[in-house]
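Trainee: Listed below, chain by chain, are the residues.
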Amino acid sequence: MNTVIETRGLEKHFGRVRALDGLDLSVEAGEVHGFLGPNGAGKSTTIRVLLGLIRASGGNATLFGRDPWRDAVELHRRIAYVPGDVNLWSNLSGGESIDLLTRLRGGTTDKRAYAARREHLAEVFQFDPSKKGRTYSKGNRQKVALIAALATPADLYILDEPTSGLDPLMEAVFRQEIAALLGDGATVLLSSHILSEVEHLCDRVSIIRAGRTVETGTLAELRHLTRTEISFAGEGLDPAGFAAIPGAHDLVVDGARVRFTADSDAMPEVLATLGRLRATGVTVNPPSLEELFMRHYHDELDEPARSSLEGVR
Amino acid sequence: MNTLPTLLLARFRRDRVQIIVWLALFALLEVVGHTAVTETYGDEAERASVIRLVIMSPAILMLRGTPQGTDADAFQFFLLFGFLGLMIGLMMTFLAVRHTRGDEEAGRAELVGSTPAGRIAPLLATALEGIILSVLVGAIMGGVAFAFGADASGALLYGAAMSAVGIAYLGVGLACAQLMRTSRGANGLAAAIVTLGYALRAMGDATGTVQPDGLSMEAGWWSWLSPIGWGQAVAPYTHQLVWPLALCIGLGAVLFAASAWLQSHRDLDSSIVPERAGRLHAPLSLSGPIGLVWRTLRNPVIGWVIGGALFGLVLGAVGQTVVDLVNTPDGEEAGQAISDTLASLAGPNAEGGLIDLFTTGLFGLVGVLAAVGGVQAVMRARQDEAGGTAELVLAAPVSRFRWFSAYLLIGVVSVAAVLAFAVLGAFVGLIGSPDAGERMSTVAEAGLAQLPACLVIVAVAALVFALVPRASIALGWAVLLVAIVLGQFGGLFGFPEWLRDVSPFSHTPIVTAETIDWTAAWVMTGIAVVVAAGATALVRRRDLALGG
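Top line first, the protein sequences correspond to chains A and B.
Letter by letter, the first sequence follows residues 7 to 319 in this note's numbering.
Letter by letter, the second sequence follows residues 10 to 557 in this note's numbering.
I should point out that these hints are in silico values taken from the structure, not numbers from a laboratory.
Certain hints may be false.
Stated by the list, open to error - Cβ pair distances, simulated, as ranges:
| id | chain 1 | residue 1 | chain 2 | residue 2 | range |
| --- | --- | --- | --- | --- | --- |
| 1 | A | T115 | B | V437 | 20 to 30 Å |
| 2 | B | I311 | A | K144 | 28 to 38 Å |
| 3 | A | K144 | B | N11 | 53 to 63 Å |
| 4 | B | I311 | A | D209 | 45 to 55 Å |
| 5 | A | D116 | B | D278 | 54 to 64 Å |
Unchecked claim - Some residues of chain B that are not near chain A, with every Cβ distance over 10 Å (derived):
| id | residue |
| --- | --- |
| 6 | A130 |
| 7 | F155 |
| 8 | I202 |
| 9 | W230 |
| 10 | L289 |
| 11 | T398 |
| 12 | L484 |
Just so you know, even glycine gets a beta-carbon here, dropped at the ideal spot from N, CA and C.
With the hints as extra help, turn the sequences into a complete structure.
Mentor: And the structure:
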């Protein structure tokens, strides 16, 4: 498989603030790659380095095997971008902004196909293109950038928190449109702090924190790192037997119920043991990415360096 | 709970810097005006001769007002009141819009409206702030006049006339904020109404009737359509009419009442004039950075060009009057003063006939106008960079060079257009004057001579943007201001030559000289090209500096 985005030990300093501190990211062709992290973790900074808007202070970054700073213009012919915070020209209408962005990307060679595509997107996103830029809400400004990005084909879509201003209905539309893109073999880098979005769309995710990659892999691989929650009815059972459950963590007897968590790869043994104990009313909650995510967020709160990153995006 | 004092204090706090600047500006103009009258037109005979001349020249009357006899304070009132009325009009309309429609557009009005302050209290607080400031401006003007020896009742009426004009335009600003959906639209409409008021009184003054004494005039009926005209009609040092004040205050009160009624009957974020729907599709001209920058800057550039053309027109039309002034026997002294002033404006070691000095001197001001437009274009790049739209453009296959050179190009086009239209305006103004052909060629040279200095300023502003993006707006305008003060007015202020030479304007070729030396012009053009190229290269090398 071809690697579309590759960074190794990427660093970016703003004065004394280290916005990126050795970030590794690898996105393969044809995949939707989730780029997860809390605000201020360095998602937007990474994306701006990848777009050649700012220059890395250290480490390597390549897009399609080329230097994102030096070959910015050439690379941008293949990229569609939706910024995290979309600002529009106050005196242009939404329709004008969409057309302008598309033309800047050189994407209107087939005018009729573009017009039809724009029409379709405006309809599914319920977007009124006749209003002036300054009167649009955050969600509508985001729709302008989304429609412009999706209206013409690209090899790589870089979407920075593209749904942060959209309502759930529009999020669903967004997911549909992204799914349609994948049929065409496009690659998507989707930054987000919303897990459901990533879980629905992404093949692989990278979780970053304080400018560093802390976890990367397929969803299945990451679930592997999390624990499954199990509970069963404990009445009439010998508590001494609970200790025999292999790989059980944090076991509590809560009235009539017994709860514990188990490493996901220990599940076959856990279930066999529960069978031997003749446990009833067993519930098994699959591991959620949420848990993994929360774990990294919680760690984060202990990082004193975090506060210095406030305001840097 | 009474929220009015809180809202009022918040307004004063938010405006504190602006208020100080505005008040200082009014005080300064008033002081400079009185000083100039005492120094240049010190005795009554001089003033009489000047008045006899300007009564014959509608162009000067349009710029100034109607003379009210030879009294020094009345003379000052004639020279300055129209312009000060325009200024207080703009100050008050901007203030009114900023705290009403501006707040509404930014979402602050929604926050405040959700508190017990409700709908009317913010409007009332804005009106009160405007009234207090109008009265303050009037007090300053009257106070300065009194300090310069005006009689107490005259000074009081003078200040009152100024305050009343302010209150009338405060009402205009409040009403415009109700009418338009955006603060930009409201400010535009209000500024147009203020300018119309100035223009109507200019018509009235130009078409006024000369009184039997030959030294004073009664303004024509046009002036009665303008609040500034009403203020002038007070004639505080001569006729001392009080009732025109009631017209101003009455207009302000009616417009405030109408605004309050609209405010309490309309929805938040709605307006009487509906926002025009934008185009569904971009026109073909909007396809690249140049089209985009042109679209953003089109209106201001057109504004500067119209300003340049009008300035050139007036300059061409009044030139001959000035010459006549000097040629009258009793005008000699006044003429000498004007001649000295113009020579220092025209540049170091300027020489030549008075009319050409006049032309080149005032074309220096056209150069300032052109440079302001050029710097504005370059500063737009910073606004787009900070505002986030540059990110959208640069994430497309658009090189930094292509992006930034669009601003430079529009800046240079703006500079050239302002100068060209000023020259054309002057041509029209010169039609019919003696030696028109010769005058026109001097004017054309004077216009061309301004170009290199303006280009250097634009290039330096570009360099500032490339090197220190976050400070570039303040620093870019500061560069222009220093260049103007040192170059155009350095002679007037008596700065040493080495200091004046820092400014590119000091090196503008003197077209009144026997043979014009264009060397400096070529050198400056070369410097501008090199600096601009350097700036463009540096823009390519730096990070996009977002926000702040």
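Trainee: Next, verify each hint and record whether it holds.
Mentor: Results of checking the hints against the structure:
1. Look at T115 of chain A against V437 of chain B: about 48 Å separates their beta carbons, and that is not inside 20 to 30 Å.
2. For the pair I311 of chain B and K144 of chain A, the beta carbons lie near 32 Å from each other, so the given range of 28 to 38 Å is met.
3. For the hinted restraint 53 to 63 Å between K144 of chain A and N11 of chain B, the CB-CB distance of approximately 35 Å leaves it violated.
4. A hinted range of 45 to 55 Å for the beta carbons of I311 of chain B and D209 of chain A is consistent with their spacing of about 53 Å.
5. Distance hint for D116 of chain A and D278 of chain B: a CB-CB separation of about 39 Å, inconsistent with the stated range 54 to 64 Å.
6. Listed as outside the interface, A130 of chain B is consistent with that label: its C-beta sits roughly 26 Å from the nearest C-beta of chain A, beyond the 10 Å cut-off.
7. Distance to chain A confirms F155 of chain B as a non-interface residue, since its nearest Cβ pair spans about 46 Å, more than 10 Å.
8. Residue-level check passed: I202 of chain B sits 22 Å from the nearest beta carbon of chain A, beyond 10 Å.
9. With a minimum CB-CB distance of about 39 Å to chain A, W230 of chain B clears the 10 Å threshold, and the non-interface call stands.
10. The Cβ of L289 of chain B does not lie farther than 10 Å from every Cβ of chain A; its closest approach is about 4 Å, which violates its non-interface assignment.
11. Against the 10 Å criterion, T398 of chain B falls within the reach of chain A, whose nearest CB is about 6 Å from its own CB.
12. For L484 of chain B, the requirement that its beta carbon stay farther than 10 Å from each beta carbon of chain A is met, with the minimum near 20 Å.
Violated hints, in rising order: 1, 3, 5, 10, 11; the structure is consistent with all others.
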